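Chains as they are written, first to last, in UniProt numbering: chain A, 1 to 274; chain B, 1 to 274.
Just to be clear, a hint being listed does not mean it is correct.
[Claimed, not checked] In silico negatives: residues of chain B with every beta carbon more than 10 Å from chain A:
{"hint": "1", "residue": "Ser5"}
{"hint": "2", "residue": "Arg48"}
{"hint": "3", "residue": "His51"}
{"hint": "4", "residue": "Gly57"}
{"hint": "5", "residue": "Asp73"}
{"hint": "6", "residue": "Arg77"}
{"hint": "7", "residue": "Gly118"}
{"hint": "8", "residue": "Pro145"}
{"hint": "9", "residue": "Asp184"}
{"hint": "10", "residue": "Arg237"}
{"hint": "11", "residue": "Arg267"}
{"hint": "12", "residue": "Ala271"}
[Said to hold, decoys possible] Just the calculated beta-carbon pair ranges, DEER-fashion:
{"hint": "13", "chain 1": "A", "residue 1": "His134", "chain 2": "B", "residue 2": "Arg237", "range": "44 to 52 Å"}
{"hint": "14", "chain 1": "A", "residue 1": "Gly196", "chain 2": "B", "residue 2": "Phe249", "range": "37 to 45 Å"}
{"hint": "15", "chain 1": "B", "residue 1": "Arg256", "chain 2": "A", "residue 2": "Pro18", "range": "46 to 54 Å"}
{"hint": "16", "chain 1": "A", "residue 1": "Gly196", "chain 2": "B", "residue 2": "Leu193", "range": "28 to 36 Å"}
{"hint": "17", "chain 1": "A", "residue 1": "Gly115", "chain 2": "B", "residue 2": "Ser110", "range": "55 to 63 Å"}
{"hint": "18", "chain 1": "A", "residue 1": "Gly57", "chain 2": "B", "residue 2": "Thr216", "range": "36 to 44 Å"}
{"hint": "19", "chain 1": "A", "residue 1": "Asp189", "chain 2": "B", "residue 2": "Ser110", "range": "20 to 28 Å"}
Since the hints were made in silico from the structure, they are not lab data.
Remember, predicted model here, so these are calculated numbers, not experimental data.
Note that CB positions come from ideal geometry on N, CA and C, so glycine has one too.
2 protein chains.
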Amino acid sequence: MSDLSRLSFNSQTAKHWPLPELIDAAGRGGLGGVGLWREPVREAGIDRVAHLVRSAGLEVTSLCRGGFFTAADAATRQERIDDNRRAVEEAALLGARTLVLVCGGLPSGSRDLAGARGMVADAIAELAPFAGDHGVVLAIEPMHPMYCSDRSVVSTLRQARRLAERFPPEQVGVLVDAYHVWWDPELVDELALLDGRIAGFQVCDWVTPLPAGVLTGRGMMGDGVIDLGALRREVERSGYSGLTEVEIFNARLWQRAGHEVLAEACRRYLAHVA
Amino acid sequence: MSDLSRLSFNSQTAKHWPLPELIDAAGRGGLGGVGLWREPVREAGIDRVAHLVRSAGLEVTSLCRGGFFTAADAATRQERIDDNRRAVEEAALLGARTLVLVCGGLPSGSRDLAGARGMVADAIAELAPFAGDHGVVLAIEPMHPMYCSDRSVVSTLRQARRLAERFPPEQVGVLVDAYHVWWDPELVDELALLDGRIAGFQVCDWVTPLPAGVLTGRGMMGDGVIDLGALRREVERSGYSGLTEVEIFNARLWQRAGHEVLAEACRRYLAHVA
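If we strip away everything but chain A, and leave its shape as in the complex, we get:
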């Protein structure tokens, strides 16, 4: 039986699978960890989930998600920061190593990209010490530029690195998700410069044609064009020693039984990433 101890399974990959069953299956399957999302954790009960992952001997590689710092008015921005504080506390309760930041797109009606990026930097500056005090690293996730207007105005590894470098590495790091960064001509150089700043590594594959809305068309590893093995080696060369987390948003995958999706993710990980 091949080694899955370096693999983490993000719960959104099998989003309709009850979390307790998913955690149990990941533990029995010999995986090293799981990636969790706030809403399903809340539904199952955060104390219960924290107990289940510990009993299963699993690491929580990430909690999704914080961020969405960009808003037209200061009151809304403050609400977002307050909610991110709660997310940090939830991550600490779960023993999650990182809180993933989906930083937010342009405020409704705005064309001020520089202004939105400033809001993100200000919010992270306000949250960073709080996260560090809780033993949680804020993981800035540069998202594919096709999400710049509505998901994240942080679009490249360089941009995320420059933002993260303003803070101690125990407070702010960078999440490397293959789907978002595989295309970047600066990829290898930037991974090297991230030296010790990578707070998480997520994989899936890039497949076309993209579906309408471009949110649920991510591919299972091996179905697309990303050289995931080479990317994993560069990420490790940059000093990342954490697990590889499989996170796939795919409408067809969500129709399948959770245990089947987990089994296929494990096979594909061993064949295309490990």
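Take the given structure of chain A and dock chain B to it, following the hints.
Using the frame of chain A, we list chain B on its own:
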């Protein structure tokens, strides 16, 4: 009557409008130029189109498209280069200032992004002197990273600039299309570094949600999130003195009468770009 002499209308914006009618309307409307595509030009007859644009006093700001240099086998790559030579000759016949290069995505079944980028560089090196001898600038168009796998492995202004800088500016330049580059955190810095290398400037707007396939969802200027006026000023600050070309691929727009689309493009250009 406001000044449209700095505006060029790309024929694909009203793709079902017969080219002779489009050219006539652009000339009467006081526009400065048109952007053309090889197939409709061939249908209408290249000598006839060349005569019509000259009689209408229009500049041909671009001919689309050359490129697609990436292919698994050498024979196919050579065919592509030969076809690009014909495209250069067609651009010269039309008096087009540039041949737009859509460089090509990953060869079928390939995950070798660096290799594909090498094929692009090799092909441009082979074509550049030929283009210069014909008075045509090869305009490398960095395309949005969401097209990296299937349209162009050249995804950013920096990447396009570094490629173009290997050649004299009268042989190779960079096409700046707002749709492809608006999100880039390096946008302003890279436009400055392009100093004299910008061979063309195209505008439309970024609107979401993106349609399936992400090809025909471009927005009319003002309908989206791009600060087109600011972008035009940066492009001009970089030394670009050419026309602004409107190029919009939009399934709904294509259902409307050509003269209506042209009229709206002119209004939107004056309101949001000029």
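Here is what the structure says about each hint:
no.	hint	in the structure
1	Ser5	26 Å, holds
2	Arg48	36 Å, holds
3	His51	40 Å, holds
4	Gly57	34 Å, holds
5	Asp73	18 Å, holds
6	Arg77	19 Å, holds
7	Gly118	12 Å, holds
8	Pro145	4 Å, violated
9	Asp184	7 Å, violated
10	Arg237	16 Å, holds
11	Arg267	19 Å, holds
12	Ala271	14 Å, holds
13	A:His134 x B:Arg237: 44 to 52 Å	46 Å, holds
14	A:Gly196 x B:Phe249: 37 to 45 Å	43 Å, holds
15	B:Arg256 x A:Pro18: 46 to 54 Å	50 Å, holds
16	A:Gly196 x B:Leu193: 28 to 36 Å	30 Å, holds
17	A:Gly115 x B:Ser110: 55 to 63 Å	40 Å, violated
18	A:Gly57 x B:Thr216: 36 to 44 Å	50 Å, violated
19	A:Asp189 x B:Ser110: 20 to 28 Å	22 Å, holds
When each numbered hint is compared with the structure, violations occur for hints 8, 9, 17 and 18.
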